[in-house]
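> Fit chain B to the known structure of chain A by using the hints.
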Amino acid sequence: MPESDVEDLLRRLAPQVLGAVVRRYGHFDTAEDATQEALIAAATQWPGDGIPDHPRGWLITVASRRLTDLLRADQARRRREDTVARWVLPEHWLAPAADTAPADGDDTLILLFMCCHPAVSPASQIALTLRAVGGLSTAEIARAFLVPETTMTRRISRAKQQIKDSAVPFGMPAASERAGRLAAVLHVLYLIFSEGYASTSGPRLHRTELAAEAIRLTRIVHRLLPEDGEVTGLIALMLLTDARRPARTGRAGELIPMAEQDRSRWDKAQITEGVALVTSALARGPAGPYQLQAAIAAVHDEAPTADSTDWPQILALYEVLMQLSDNPVVKLNHAVAAAMVRGPRAGLDLLAGLDADQRMTAGHQLPAVRAHLLEMAGEHDAARDAYLAAAARTTNLPQQRYLHARAARLSDG
Amino acid sequence: MKYMILVYGSQQDYDSMAGRATDGRPAWSAEDFAALGAFMESFSKDLAESGELVDTRGLTAPVHARRIQLRNDVPVVTDGPYAESQEVLAGYWIVECDSFDRATEIAARLTRIPGLDHHRESFRGREVIDVRPIADSRADLDG
Chain A
1 MPESDVEDLL RRLAPQVLGA VVRRYGHFDT AEDATQEALI AAATQWPGDG
51 IPDHPRGWLI TVASRRLTDL LRADQARRRR EDTVARWVLP EHWLAPAADT
101 APADGDDTLI LLFMCCHPAV SPASQIALTL RAVGGLSTAE IARAFLVPET
151 TMTRRISRAK QQIKDSAVPF GMPAASERAG RLAAVLHVLY LIFSEGYAST
201 SGPRLHRTEL AAEAIRLTRI VHRLLPEDGE VTGLIALMLL TDARRPARTG
251 RAGELIPMAE QDRSRWDKAQ ITEGVALVTS ALARGPAGPY QLQAAIAAVH
301 DEAPTADSTD WPQILALYEV LMQLSDNPVV KLNHAVAAAM VRGPRAGLDL
351 LAGLDADQRM TAGHQLPAVR AHLLEMAGEH DAARDAYLAA AARTTNLPQQ
401 RYLHARAARL SDG
Chain B
1 MKYMILVYGS QQDYDSMAGR ATDGRPAWSA EDFAALGAFM ESFSKDLAES
51 GELVDTRGLT APVHARRIQL RNDVPVVTDG PYAESQEVLA GYWIVECDSF
101 DRATEIAARL TRIPGLDHHR ESFRGREVID VRPIADSRAD LDG
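Going down the list, the protein sequences come from chains A and B. Numbering of the first sequence is given in the working numbering, commencing with residue 1 and proceeding in unit increments. Numbering of the second sequence is given in the working numbering, commencing with residue 1 and proceeding in unit increments.
Isolated chain B (complex conformation):
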């Protein structure tokens, strides 16, 4: 069974991780950022070793997004459609494991990101990680 683990961040989060403080949000120190990198690396390595990792990707800063929507039946592109504080998808893991509970266990480890301790305040109430079962076929969706 495949599950997608999704994590979120705003443009402001990307900025503070890139070393720039924004309104009420301190910049990440080099140490915190290195610790985050090391944590993510070992997290994905463990999953690869247990054979549960299918794919993992981080997304670039929300400022690079394009949105296409129909306006009066005409497709219109908006560059950088998000507000700075808006939480958007920042990265995902696709894991293949025995149960939803196992996938949840994996995702829960992400709440223990070391650098987060120093940024607890800025993330207060926003530490959201989602786990979604992936449909194996059209039949799953029809059901």
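One chain only, chain A, in its complex shape:
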């Protein structure tokens, strides 16, 4: 049995095993450690010994035994310290449940809701989701986020403590809060994807595993909630964006803007799937932000050349999107679309409205877009200054190299 097959199987089973153990014994925090240890034991033994007849049952048994050991040690230690683990029963546990989810459902969704609980900080939500639902080890997550393993360990234990303190019961959130909680889950999955697709720091854009992992997890959510338009929109958005990845960097790892990408290198299968998904979602009802962003990505992906891009359509979609969200990046992209339809001046005028936005002043995006539009308008000196200003504001080396190259090209001309 090749190791990669074992790994795929383990990653798929990880949330099911954790779900089964927590459902049975509680102790989400300790059960998560026990499940990790069971996964490690399997990863060590199975490639040599073969996969057991009932791999899921094997993992649940090993994880449950390990949980017993960990709890036993923990309780013995606590007793020596003369403190006993006590927690006040939350008020809502005393009333009948508002609605009861079927117990035989897939626990992956419940785990996602737990990991993305509002009591947990966003950075910890991401880390815990990758570990508890994605089945990644702390070391792997630390590597993907370019932080020391000890930092990631602390981030994960803090998240687990926050969940423990919140005494959130193991079950689906009440119907009244489910939409908001699902939005938080989708946001975390989107952040994981973005982190992999456009890493915010570091020398190489090689963290594509994170994008692949985000797609894998979002596919699971989509399988569990096939009727949810925003889940469908998010998976479509990821596929349509990720489809361009092969053409996004050159031989030396340099960034290539979409207009200059070799479109024959785009992943056609992913585009076909993404377009079908977003089309089906849009047909079902009012479109949410992920569906609109997916629709925009689809318009880009379906254009055979950059010049044949349907910019009026993209501009119209951004205008709908701006009504739904106050995101400055959306406004930035709207300005680009406006420039492509009505000329660079129209875009530059819209950018002026973003200068005062606190959320934009630290990043490189605003000066980078301004530089492009100034270049389109033929204002080369101003464009060069803007490219250099943008380069100074990013820590990502490929992005810096791209921006410096654009600036240099204008100096040469």
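Derived by calculation from the structure, the hints in this document are not laboratory data. Certain hints may be false.
Covered stretches of chain B, as calculated for chain A (at least 3 residues, CB under 8 Å) [as the list claims (entries may be wrong)]:
| # | stretch |
| --- | --- |
| 1 | 75–87 |
| 2 | 99–106 |
Calculated from the model, a selection of chain A residues having no Cβ within reach of chain B, i.e. all distances over 10 Å [as the list claims (entries may be wrong)]:
| # | residue |
| --- | --- |
| 3 | G26 |
| 4 | Q36 |
| 5 | T44 |
| 6 | Q45 |
| 7 | A76 |
| 8 | R86 |
| 9 | L89 |
| 10 | D165 |
| 11 | R181 |
| 12 | R251 |
| 13 | D267 |
| 14 | A283 |
| 15 | R345 |
| 16 | D349 |
| 17 | D355 |
| 18 | T361 |
Nothing here was measured: the structure is a model prediction, and the numbers come from that model. From the three backbone atoms N, C-alpha and C, an ideal C-beta is built for every residue, glycine too.
Below, chain B alone, put in the same frame as chain A:
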């Protein structure tokens, strides 16, 4: 008439059965543990065949218990409320038979668990098995 047969064990007993020695308590060997399993299986099978078995269950290790108690009128949960050596309910049989004496006869067979011979010392003075008549209705309790 229904009776409940109750057996007890501490976290330390669970540990030694799981193959881990604790203070003064040796771990059970694989043979002893297998013999215990075989004994329990045939014990319950005999009861099922005679039609006297209603239900039987073993409980998981005491470390997994939760206790709820009121403290200043607030319900508080304690995880793992037992001391390691504290004897707590470990399993039960519910039998339906003709008399209390017959239920007692059934329960007495449990003192002949084979592996216990090797662990006589650690169980000395603690081999307790209870038999309790189950109330058939509220009327039984009111009486």
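> A separate judgement is required for each hint: does it hold in the structure or not?
Results for each hint:
{"no.": "1", "hint": "75–87", "result": "holds (count 9)"}
{"no.": "2", "hint": "99–106", "result": "violated (count 0)"}
{"no.": "3", "hint": "G26", "result": "violated, 7 Å"}
{"no.": "4", "hint": "Q36", "result": "holds, 19 Å"}
{"no.": "5", "hint": "T44", "result": "holds, 20 Å"}
{"no.": "6", "hint": "Q45", "result": "holds, 18 Å"}
{"no.": "7", "hint": "A76", "result": "violated, 7 Å"}
{"no.": "8", "hint": "R86", "result": "violated, 5 Å"}
{"no.": "9", "hint": "L89", "result": "violated, 4 Å"}
{"no.": "10", "hint": "D165", "result": "holds, 13 Å"}
{"no.": "11", "hint": "R181", "result": "holds, 24 Å"}
{"no.": "12", "hint": "R251", "result": "holds, 57 Å"}
{"no.": "13", "hint": "D267", "result": "holds, 48 Å"}
{"no.": "14", "hint": "A283", "result": "holds, 48 Å"}
{"no.": "15", "hint": "R345", "result": "holds, 66 Å"}
{"no.": "16", "hint": "D349", "result": "holds, 61 Å"}
{"no.": "17", "hint": "D355", "result": "holds, 54 Å"}
{"no.": "18", "hint": "T361", "result": "holds, 48 Å"}
Of the hints listed earlier, those the structure fails to meet are numbers 2, 3, 7, 8, 9, in rising order.
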